[in-house]
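Novice: Each chain is listed here by its residues.
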Amino acid sequence: MPLRPGRIALIAALGLACGLTWNTWSGRGIALGANAFLREGAEEIDASEARARFDRGALFLDARPVANYEMSHIPRAAPLPEDDFDRHFMAVEPRLRSSFDAVVYCAGYGCEASHKVADRLKARGIHVAILNEGWPAWTDAGHPVKEGAQP
Amino acid sequence: MDRRRASGQGRGPALKLLRHPAVHWLLALVVGGVFVYASLSKIADPQAFAKIVYHYQVIGPSASLGFVPANLVAVALPWVELIAGILLITGLWRREAAVVSAVMLAVFVAAVASTMIRGIDIQNCGCFALDASGRAAGWKLIAGDLALLAAALVVAVVPPRAPEAAADASPATAT
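Chains as they are written, first to last, in the numbering used here: chain D, 1 to 151; chain P, 1 to 175.
Extracted from the complex, chain P is given alone in its bound form (with noise of 0.2 Å):
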C-alpha cells in the first residue's frame, strides 16, 4: 500500500487521469465488451473458427503438430474471452482478466504481424464475424489491438487510487 502511493503522488495529470477509478472502469468496461461481443460467434460456430485459425498458418494443418493444438485454440479461446470479458464488466478479479485479455490481445498483435511478414493475405480475421462480413488482418487490426491493449495494461498494472481520495489519498482508503 506504502509503495503504491509513493509511486502515485507526484506524478504527471496523466497518470492521475489514468487512476481515477471512473477511467478504470471505463477502460474495463470496453475490452471487456468487446471480448464478450468477440466471443459470441465464435461459440456459435467452433468449426468456422477453427478453419480461420487454420489460415494463419501458424498451428493447424501446415504445422508439423497437426490439428489438435489449433482445434483447441478454436474451442477454448473463445470462452476465455467470454469469462475474462465478464470478469472485467463486472469487475470481479478485474486486474487478472485484464492481465487475461492483454497476453490475449498480445498474441492477436503477433499473429497478424507474422502472416503480414509472411505475406499471408487473411480476409477474415476472425475477430468478430466468421462469415464474409469479417475484417481483413491487417495494420487496421494491428492499431485497434493494441489500443486496447494499452487499456487492458492500465487496468492490469496500474492501481486506481480510491474514489474518495482526492489528491492526497489516505492509504487506509486505497483498494
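Looking at chain D on its own, in the form it has when it is part of the complex (with noise of 0.2 Å):
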C-alpha cells in the first residue's frame, strides 16, 4: 500500500483537534499563553522589577536548597528551601509577617521550588512575588550576588 502524506497531516491535525477539544472541555485543561506553573492569583515580575523592588528594600527568599544558598544567593536574601521548609519557615516567619514587599525565587527556567514555596506562605496568608528565571535571570542582568553562609 503506497504511502499516503494526507492520512499523515490527519493524524498530526486530529491529534491537535483532540488535544485542543480536551483541553477546553474535560477540566484538566491549561491556559494556552500562560506559564503552566504559575496557579491563579501568583505574581510573577522579571529581573529588572525584582531589582527595583531590591533597592526599595524587598525580602528576598531563596527557595533553592541550602547547599545553593551557601554557594551564592542575592545579597540580603533569607534562605526558604523547599525541601526543608517548615524549619526555615520558623526562622523568616516574623520578617515575612512585617513585610508586604517578598520575592521568591529559585535555580531558573524549569525550577518549581519557588512556585511551592509561594503556594505555601499563600496557604498561611502570606503573599510573595516569584521571580521569573529565577537565579540565572538575576545573573544574567549583572545584579550583585553574595558568596557564603551570611544573608
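Hints are computed from structural coordinates only; laboratory data are not their basis.
Do not take every clue at face value.
To be verified - Selected chain D positions facing chain P (in silico; Cβ < 7 Å):
hint, residue
1, ILE11
2, ALA34
3, TYR109
Stated by the list, open to error - Dumping the calculated SDA-like pairs for lysine to any residue here, alpha-carbon to alpha-carbon at most 25 Å:
hint, chain 1, residue 1, chain 2, residue 2
4, D, LYS116, P, GLY134
5, P, LYS140, P, VAL73
6, P, LYS16, D, LEU3
7, D, LYS116, P, ALA136
8, D, LYS116, P, ASP45
9, D, LYS116, P, ASN124
10, D, LYS116, P, LEU130
11, D, LYS122, D, ALA58
12, P, LYS140, P, GLN57
13, D, LYS116, P, ALA110
Predicted model, so just to flag it, every value in this text is computed and none were measured.
All C-beta atoms, glycine included, are put in the ideal place defined by N, C-alpha and C.
With the hints as a guide, dock the two chains, each given alone in a separate frame, to form the complex.
Specialist: Structure below.
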C-alpha cells in the first residue's frame, strides 16, 4: 500500500483537534498563553522589576536547597528552601509577616521550588512575588550576588 | 507493485525476515503499545506535562516564543501519540501512523541529545510517568527511543509481503 502523506497530516491534525478539545472541556486543561507553573493569583516579575524591589528593600527568599544558598545568593535574601520549608519558615516568619514586599526565587527556567514556596506561603496568608526564571535571570542581568552562608 | 517485488527479491535473510507480515505486526504492536501507554498519563495531567516540556528549554519560558508553543505541544502531543498508537495496533493506516511515530521519536531523540549537550539535567523525561517515578533523560533513553525508531521505520518503509507468499511471492497477493 503506498504511503499517503494526506493521512499523516490528518493524524497530526486529529491529534491537535482532540488535544484542544480535551484541553477546553475536560476541566484538566491549561491556559495556552500562560506559564503552567503559575497558579491562579500568583504574581510573576522579571529581573528588572525584582531589582527595583531589591533597591527599595524588598525581602528576598531563596527557595533553592541550602547548599546553593551557601554558595551564592541575592544579598540580604533569607533561605527558605522548598525541601526544608518548615524549619526555615519559623526563622523567617516574623520578617515575612511584617513585610508586604517579598520576592521568592529558585534555580531558574524549569524550577518549581519558588512556586511551591509561594503556594505554601499563600496557604499561610502571605503573598510573595515570584522572580521569573529565578537565579539565572538575576545573575544574567548582572545584579549583585553574595557568597557564603551569611545573608 | 513490480518495483517493490523486485526490490525484495534476492536480498539477504534479514530483509526477508523484516518483510514477514508477522514481524511487521509485532513491531507495530510494540511501538503502538508504547505510544498508547505513554500518552495516558500526559492526557490525564497536561499541566504536569507542560512543566516537563519547559524543562527541555527548547520551547517555553526560556525561549523567546513564549508559552504558547510549549503549551500546544503539551496539549496536542499526547493525543497524536494516542491516535498513532491505536492506528499501529489496529493496523489501520499502519504505514502512515508509523511515519508519524518515527517523526515523534526522532524529535524526542534530538530533544534529549540537545539537553545532554547543553548540560541540562532532566530528572523526568516526561516519557511515561509524570511524577518522581519517571525516568531521567540520558543515554539509556536515547537508546530506547532509537530502538523504537528503528521498529517504526521498518513498519513505515519496508513493505511486508503477503502472508501466504513464500520465496517467490506473486504480485497479485502483495498488499
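Novice: With reference to the structure, classify each hint as holding or not holding.
Specialist: Going through the hints against the structure:
no. : hint                : result
1   : ILE11               : 5 Å, holds
2   : ALA34               : 6 Å, holds
3   : TYR109              : 5 Å, holds
4   : D/LYS116 / P/GLY134 : 20 Å, holds
5   : P/LYS140 / P/VAL73  : 24 Å, holds
6   : P/LYS16 / D/LEU3    : 21 Å, holds
7   : D/LYS116 / P/ALA136 : 22 Å, holds
8   : D/LYS116 / P/ASP45  : 18 Å, holds
9   : D/LYS116 / P/ASN124 : 18 Å, holds
10  : D/LYS116 / P/LEU130 : 17 Å, holds
11  : D/LYS122 / D/ALA58  : 17 Å, holds
12  : P/LYS140 / P/GLN57  : 20 Å, holds
13  : D/LYS116 / P/ALA110 : 31 Å, violated
Going down the numbered hints, you'll see the structure goes against just number 13.
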